[in-house]
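Now for the letters of each chain:
There are 2 protein chains.
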Amino acid sequence: MDLFVTFLGTAASVPTAGRSTSATLISRGGVRWLVDCGEGAQRQLLRSGIGLIDLDAIFLTHLHADHYLGLPGLLKSYTLREREAPLGVFGPPGLEQLLRTLRPLIGRLSFDLEIAEASAGLLLEESGSRVEAFPTAHSIPSIGIALVEATRPGEFDVDAACGLGVPEGPLFGRLQRGEMVTTPAGDTVAPAQVLGPARPSRSVVLSGDTLPCEMTANAARGATLLVHEATFLDEDRERAAETQHSTAGQAAELAAEAGVGLLALTHLSSRVSPRDAEQEAAARFSAVVVPRDFEQLELPYPERGEPILTDLRARSRREPVPPEGAATVPDE
Amino acid sequence: MDLFVTFLGTAASVPTAGRSTSATLISRGGVRWLVDCGEGAQRQLLRSGIGLIDLDAIFLTHLHADHYLGLPGLLKSYTLREREAPLGVFGPPGLEQLLRTLRPLIGRLSFDLEIAEASAGLLLEESGSRVEAFPTAHSIPSIGIALVEATRPGEFDVDAACGLGVPEGPLFGRLQRGEMVTTPAGDTVAPAQVLGPARPSRSVVLSGDTLPCEMTANAARGATLLVHEATFLDEDRERAAETQHSTAGQAAELAAEAGVGLLALTHLSSRVSPRDAEQEAAARFSAVVVPRDFEQLELPYPERGEPILTDLRARSRREPVPPEGAATVPDE
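Listed in order, the protein sequences are those of chains Y and B.
Counting in numbering that gives the first Met the number 0, the first sequence runs without a single skipped number right up to 331 at its last residue.
Counting in numbering that gives the first Met the number 0, the second sequence runs without a single skipped number right up to 331 at its last residue.
By construction, these hints were calculated from the structure, which means they are not laboratory data.
Among these hints, one or two may not hold up.
If the Cβ cut is set under 8 Å, some of the chain Y residues that face chain B in the computed set are [to be verified]:
{"#": "1", "residue": "L68"}
{"#": "2", "residue": "G72"}
{"#": "3", "residue": "L104"}
{"#": "4", "residue": "R107"}
{"#": "5", "residue": "L108"}
{"#": "6", "residue": "I114"}
{"#": "7", "residue": "S118"}
{"#": "8", "residue": "G195"}
{"#": "9", "residue": "P196"}
{"#": "10", "residue": "R198"}
{"#": "11", "residue": "P199"}
{"#": "12", "residue": "S200"}
{"#": "13", "residue": "R303"}
Okay, the calculated beta carbon distance ranges per label pair [said to hold, decoys possible]:
{"#": "14", "chain 1": "Y", "residue 1": "Q96", "chain 2": "B", "residue 2": "I114", "range": "38 to 46 Å"}
{"#": "15", "chain 1": "B", "residue 1": "G93", "chain 2": "Y", "residue 2": "R303", "range": "22 to 30 Å"}
{"#": "16", "chain 1": "B", "residue 1": "G177", "chain 2": "Y", "residue 2": "Q96", "range": "23 to 31 Å"}
{"#": "17", "chain 1": "Y", "residue 1": "S109", "chain 2": "B", "residue 2": "S118", "range": "41 to 49 Å"}
{"#": "18", "chain 1": "Y", "residue 1": "L79", "chain 2": "B", "residue 2": "R129", "range": "49 to 57 Å"}
{"#": "19", "chain 1": "B", "residue 1": "S200", "chain 2": "Y", "residue 2": "L79", "range": "34 to 42 Å"}
Every residue, glycine too, gets a C-beta built ideally from N, C-alpha and C.
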């Protein structure tokens with residue numbers, strides 16, 4: 000199953016010419032989740048070439064404005080498009096109050112908002128994956144988000160199955176799903192006899208805004224990808240502590256401790272150059288990237304290769320752009 | 000005095016990949032006014048290369064979300080930068096209530112917001128210009144905005160002044176300012192004796208969202224520039240009437256009736272191609288442009304030439320872009 004993490008907004012607090020405020024898209028199979036929804040998130044989706052897709056859920060890591068100001072416009076655009084599917088919005092305590100405050104801006108919606116506050120634990124399950132919240136350490140209630148895939152069964156050994164007298168067909172599928180089967184000859188075959196060792200699954204952990212903390216390290220233990228904030232550089236470590244943010248160096252230390260496969264730094268202050276952040280982090284953890292807006296990480300299953308970072312704008316420059324006038328959104 | 004109109008958001012209702020929601024910057028001398036403030040307006044300023052300038056006032060033509068959702072983020076960014084100068088926000092009745100609703104999102108500001116509701120009349124005066132509101136015809140209370148410069152005195156005839164015995168120096172200035180002076184020989188010289196006929200000034204009129212209406216035509220009579228909405232094409236004339244918007248053709252008819260110098264169409268539905276809008280309008284009024292986001296109209300004094308349309312992105316591609324890490328905005 001494909002798994003992509005697309006960086007739609009990588010700036011801290013205020014946007015820059017090149018970076019929008021926080022928004023990260025996770026796409027797994029046909030399911031699309033947005034983590035944080037800074038001002039302009041809907042337009043970043045449009046500009047990326049992905050388009051104004053019907054998100055399946057939105058997770059807000061905390062309720063600072065640079066993480067949610069894109070929500071009213073996005074919800075209004077869905078309504079103008081007459082979206083019908085309910086939309087789950089998850090966030091820390093205070094989310095319901097925030098949505099009540101936003102309601103006059105949003106107006107009547109064409110679909111149900113399913114609002115759920117959570118400080119920790121399972122948020123939803125979907126096609127063999129779980130999305131969980133874990134508490135983090137910011138200046139207001141805050142959570143990190145972990146997408147964890149279920150362990151995949153081992154590879155099916157066709158030769159072994161045939162050798163045990165299992166005919167090709169439905170019995171293969173039952174064994175692959177972990178069921179015992181009986182062969183036409185009356186023998187019982189257990190899944191373990193025909194399946195290799197369970198294969199590693201993938202996980203993506205997003206820190207949201209936080210001090211470097213044990214909770215993030217625990218959630219990220221062995222993760223395929225940790226997306227960690229790096230608002231500051233080590234030279235501003237005190238300011239980071241004061242504002243309950245992290246430095247690039249601290250994020251790298253945490254990634255090393257947690258043994259993640261890849262660290263992606265985001266939420267960079269406009270005063271931090273991506274190159275400096277990358278250098279500072281790389282000195283402590285080499286598998287680090289500092290994605291720009293519109294860069295996308297593809298995360299293949301571990302046995303199929305390394306993560307691949309692509310610039311979606313470069314791709315869309317190669318592909319024809321739909322002409323203006325081709326959209327199907329009615330107007331107010 | 001220089002006068003620029005910069006198109007920062009030319010989409011209707013929902014943004015597209017190329018067009019942000021409503022925002023138009025008027026710059027005259029050192030004064031900068033924003034008309035409407037759709038989601039992402041602050042980022043459009045940054046992306047244009049103009050930067051996050053300290054606006055002198057913001058005018059909201061009406062209180063639909065696509066015209067104000069950029070306000071909370073902009074005001075927060077100003078506060079992070081520790082802006083001190085008060086900021087006037089003008090709009091139709093309902094503005095104060097809207098700002099109360101937005102207040103929890105905006106939080107504490109480092110400067111005073113001076114909120115003024117108006118349905119018509121003078122909003123402010125600044126360096127020989129007046130900004131006025133006029134009522135328009137939309138589905139909720141709505142205003143158009145007119146910037147009208149005071150008439151400029153005629154050209155100063157140095158030879159005539161010298162011939163009348165006025166010595167070069169302070170007396171020249173007093174005559175130019177319209178004062179009577181007495182020459183060293185004791186003769187009285189009146190301004191009319193040394194000044195040519197009063198020279199035409201400039202005016203910029205923005206319709207906001209509206210049906211084509213007499214109020215806009217009156218306000219735009221002889222205007223240098225009319226920025227008129229063109230949400231639809233004539234083929235959707237009924238839908239335009241229903242939603243109290245205009246078609247490109249209707250905007251052109253109004254521009255012709257008002258005898259404006261130039262018509263700029265904005266607020267295009269995502270289904271309307273700019274080329275179609277321009278063609279439809281040009282059949283009825285030839286001095287028409289359909290600016291893209293980041294295009295800027297320079298409006299010289301009439302005797303100095305025609306308006307000039309420039310693409311600011313093309314200019315910024317030629318000029319060095321400030322490196323990331325060079326900004327001076329503290330972080331939350």
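| request: Hints the structure violates: just list their numbers, smallest first. | output: 4, 5, 6, 7, 8, 9, 10, 11, 12, 13, 14, 15, 16, 17 and 18
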